[in-house]
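Trainee: One-letter residues, chain by chain:
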Amino acid sequence: MRLRREVARRVFAKEFNDSKFKIGGEAEREPTYVLTPLGLKCNRVFIVGALLEKEETKNEDVLRIRVADPTGSFLGFVGKFDPDAKEALAEIDVPSTVAITAKAKLLQRDERAIPFIRPESIVLSDFETRDYWILETAKATLKRIELMNSDNELAKLAKEKYNTNPEEYREMVIMALQKLREETEITEESEDFDLDSSIEEEIMGLDDIY
Amino acid sequence: MDKISKIVDEIYELFKEHGVKRSDIEKRLKLLIFEFKVPEEEARRTVINGLRREFDISRESLRYPLTKISELEPGKWVSVKAKVLQLWNATNASIAQWGIIGDETGTARFVIWAKSGKGKVEENKCYLFEKVVVDEFAGVKSVKVTSISEVKEIDEEIEVSEGGEIEAVGALVSISSNSGLVQVCKNCGRITKAGICKEHGKVETTEVLRLRGVLDDGEKTYDVEFSETTIKSLTDLDLATAKKLAFEHLDRGIVLSELKRKLLGRYLRISGEVRLSTINVKNAEFLRAKVSKEVEKLLAEVKA
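Sequence lines, in order, name chains A and B. Residues 1 to 210 in full-length UniProt numbering are what the first sequence lists, from first letter to last. Residues 1 to 304 in full-length UniProt numbering are what the second sequence lists, from first letter to last.
If we strip away everything but chain B, and leave its shape as in the complex, we get (with noise of 0.2 Å):
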């Protein structure tokens, strides 16, 4: 029983995008090998097959299955709808075209190799992009059209989400020296070093406290960015007391160490949007968990 339930998560793992119902699969799966006694490896085969007629899916793209933008991994080869929402230039000469592709899961960004050959993608329409490779950097995940990857416009309309509220608790276990009383680009945000922009050059800036770091619950990470407001609820110091702090110690790194002091090592529970794989904090609490209540049930069930 163990073994077919296994067999039919597999089979649905394939085609959950195409609205198989697992119920379905079950009851194929359960006739053949009941009924007719087909060995298990012979039934999924058949019912693998089967579905893949129904639904008319080519073999080759159940290996690049179809994917929702929340749920790419790095390294593996998928499928995925997208609208394409911005195109940037390209910085390169092996770039074609990049920029960045949403869901209404989420987003992510694209590259098409000029390689590849392929693409010429508008900004604000679908496409099926086929057999691409996921990667990740900086914690940004990407969707690499290559040589062997098809991209065709579709005609349907894919409602964007720019990822959504999203909940996590989790121990802050990295904050990134970028953090703290700094001063940023007046055009774009990006950190500035002695008033160079790396886009704009030399340019106005002006001076934010916010924190970048990494919350990280035991099994997954999340990188998050907390601004003034959500520093202030947690910590009590906003732009203006950490200004004074910096000054009165005539050094901004004095506002870093305050906020590595209070919330490095802490667990908290945060709430926010996603953009681009980083967590955009709106609201954040230290966790005030029921532990000894924990405790009892977690006993209770270990002795048992």
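So that you can see chain A by itself, here it is in the shape it has in the complex (with noise of 0.2 Å):
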């Protein structure tokens, strides 16, 4: 029995980043999925942004890369077991809109969590296409923080291990709903994300990643 093929979410990187814990992955075949602060199950994304980075990485197989929204930027790597991804994405300039197929995969690693992403396919996208996106996303995590009021029950987990306060993602997609009005680029967020050499060699060597 094929197991059902998995949806492919829409989730802001801010909602995407926050997240922490994993779920699912403990019966045989079960898959994992990362659970977010607003109690998205999600084990595959879907995302069109802005590709601001594609960096070699030490494993001269594995490409790093970093994919901006509004409200921040997914971190991801492209290795040999996404052949598709990775020969689309040589075809790629930094800055692009891409239109992105992804794994969502994430990191416990003593107190740090690190989410991320492993494309399954790469594509050039457009402006027209990413501002549906972030339409699109908008009201799937509009959707989200409605339920986190009620007693639905991933929703309850979500507040129960995060805390979260609906509030300030709210705040979220209204900016980026208002970024979107403004009709300015993605423009890169300086946001400063150093990831430790030593972890990202454990990704790298992470079974969990292919």
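Just so you know, the hints here were simulated from the structure itself, not pulled from any lab data. Mixed in with the good hints, there may be bad ones.
Interface residues of chain B toward chain A, partial, derived using beta-carbon atoms under 7 Å [unchecked claim]:
hint, residue
1, V169
2, A171
3, V173
4, S176
5, G218
6, L264
7, G265
8, A289
9, E294
10, V295
Derived pair list, reagent style BS3-like, types lysine-lysine, alpha-carbon separation capped at 25 Å [to be verified]:
hint, chain 1, residue 1, chain 2, residue 2
11, A, K159, B, K293
12, A, K54, B, K27
13, B, K220, A, K41
14, B, K37, B, K27
15, A, K143, B, K290
16, A, K179, B, K293
17, B, K27, A, K159
18, A, K22, B, K220
19, A, K143, B, K220
Computed from a predicted structure; not experimentally measured. Each residue gets a CB set at the ideal place from its N, CA and C atoms; glycine is no exception.
Using the hints, put the two standalone chains together into the complex.
Mentor: Right, dumping it as structure tokens:
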């Protein structure tokens, strides 16, 4: 019996990057999901944003990428096990608007949790598609915010684990929509993301990545 | 009040196939809770038992709710009223019978396990498949008849819909490697490898342009298949130009790359017929949304 294909969720970088916990993956062949502070359980994501970086890592088979939306940026790793994504990436310059379908992953180490994505496919996209993605993701996020006050099980779990303040994310959505209204291009956030190289090595060594 | 409407919903879900009205359930519940001051849990049980007696539904069959084919969910135990549309030759000893069933909402596969000792169903007859479990293989839903299941012929004619038209909007998140300019068996249309069809062996092949992939709206996924016509309406690529392109590059793979470049990650509005869980796309267009209008609307709502 093949497992049902996992839906590619729409989530902004900030919500995704605030994630600290994984769920699932206990029973045999049960997928692992990243649990976000708004109770989204995601195994796969679809993102349209600005590819800001593609850097070689110490492991020559793996490229590290960063893809920004109006709220922050997704960290991603593209390796030889996703040949389609890797091949496509070689042809794409930075910065470019790209559409990415990716597996959602999270590395837990010590006190730190590092959410990242592992792209299955990357293609060049355009501003129109990106704008629609922001709108769609805003709607999906607002739905989750609404659910935070219900007795939805995932919402309850998220509240318990993160003590989420939904207002913080409502502000995020408003900000993202306003940026869209101003028709500004998504510009790089000066977000200081420093990833200790030993952590990067661990990510690369993770079986979980592939 | 909220709690009551939740109980109403729950009971309605159990009995909706039997034609019970939501308002009727609500009336019964309110009578018990407000007039007779019965605790909610007690009221719930009383209404369920009452309806069960009224419609002559066994307690057991409530646990296996009568479900339409379009609403089958993998892992659920259900009962299904359906017509057997097609029987296939059993390919291995563990299967007594298998094939396709359908009702007015769509079609699904079914398997009667040899061990179950059930059935001998016939094509074009209608049956009640009780206590069956649903699973899914390659995106196709399948109903399994096991030893606890019951299969009864029913004297009812079921109008089968081949799935009907469905419309969907979403991003094309995946394009299968079986897409592009591919060689298929002349008999059955399956992809051939070096001129060998899995079903028919060495066969004559024909070249077709097609696309198989997954459309995803963030909440559901749809398996979709585009024919040459729909591919052309989106990309200007047709069989002739695809062949030319492949010839120029001495590589059929170039056609798949082109399809990916033009369609992967794009938002599409499609419509088509559902057959065995795949949408055969008849009409497709790139989504043109009025984003700025919607943004204004959404902002006004959020801030309110």
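Trainee: Each hint: holds or not?
Mentor: These are the hints, each one checked on the structure:
1. Interface hint at B/V169: violated, since its Cβ lies 10 Å from the closest Cβ of chain A, which is beyond the 7 Å cut-off.
2. Hint on B/A171 holds. Least Cβ distance to chain A is approximately 5 Å, under the 7 Å limit.
3. With its C-beta approaching chain A no nearer than about 4 Å, B/V173 sits inside the 7 Å limit, and its interface hint holds.
4. Violation of the interface hint for B/S176 is found here, the shortest Cβ-Cβ separation to chain A being roughly 11 Å, above the 7 Å cut-off.
5. Evaluation of the B/G218 hint against chain A yields a held restraint, the C-beta minimum of about 4 Å falling below 7 Å.
6. About 5 Å separates the beta-carbon of B/L264 from the nearest beta-carbon of chain A, less than 7 Å, and the hint is met.
7. About 3 Å separates the beta-carbon of B/G265 from the nearest beta-carbon of chain A, less than 7 Å, and the hint is met.
8. The closest approach between the C-beta of B/A289 and any C-beta of chain A is roughly 5 Å, which is under the 7 Å cut-off, so the hint is satisfied.
9. For B/E294, the interface hint holds, the least distance from its beta-carbon to any beta-carbon of chain A being 6 Å, beneath 7 Å.
10. A hinted interface residue such as B/V295 counts as satisfied when its beta carbon comes closer than 7 Å to some beta carbon of chain A; here the least separation is about 5 Å, so the hint holds.
11. Restraint check for A/K159 and B/K293: the C-alpha separation of about 33 Å exceeds 25 Å, so the hint is violated.
12. Between A/K54 and B/K27 the alpha-carbon distance is near 63 Å, which puts this suggested pair outside the 25 Å criterion.
13. Our distance criterion of 25 Å between C-alpha atoms is met by B/K220 and A/K41, whose separation comes to about 14 Å.
14. With a C-alpha separation of about 14 Å, the suggested pairing of B/K37 with B/K27 holds against the 25 Å cut-off.
15. A hinted pair counts as satisfied when its Cα atoms are at most 25 Å apart, and A/K143 with B/K290 qualifies at roughly 20 Å.
16. For the proposed pair A/K179 and B/K293, the alpha carbon gap of about 14 Å is at most 25 Å, so the pair holds.
17. Proposed proximity of B/K27 and A/K159 is contradicted: the alpha carbons are some 36 Å apart, above 25 Å.
18. Distance check on the hinted pair: A/K22 and B/K220 sit about 22 Å apart at the alpha-carbon level, within 25 Å; holds.
19. At roughly 15 Å between alpha-carbon atoms, A/K143 and B/K220 fall within 25 Å of each other, so this suggested pair holds.
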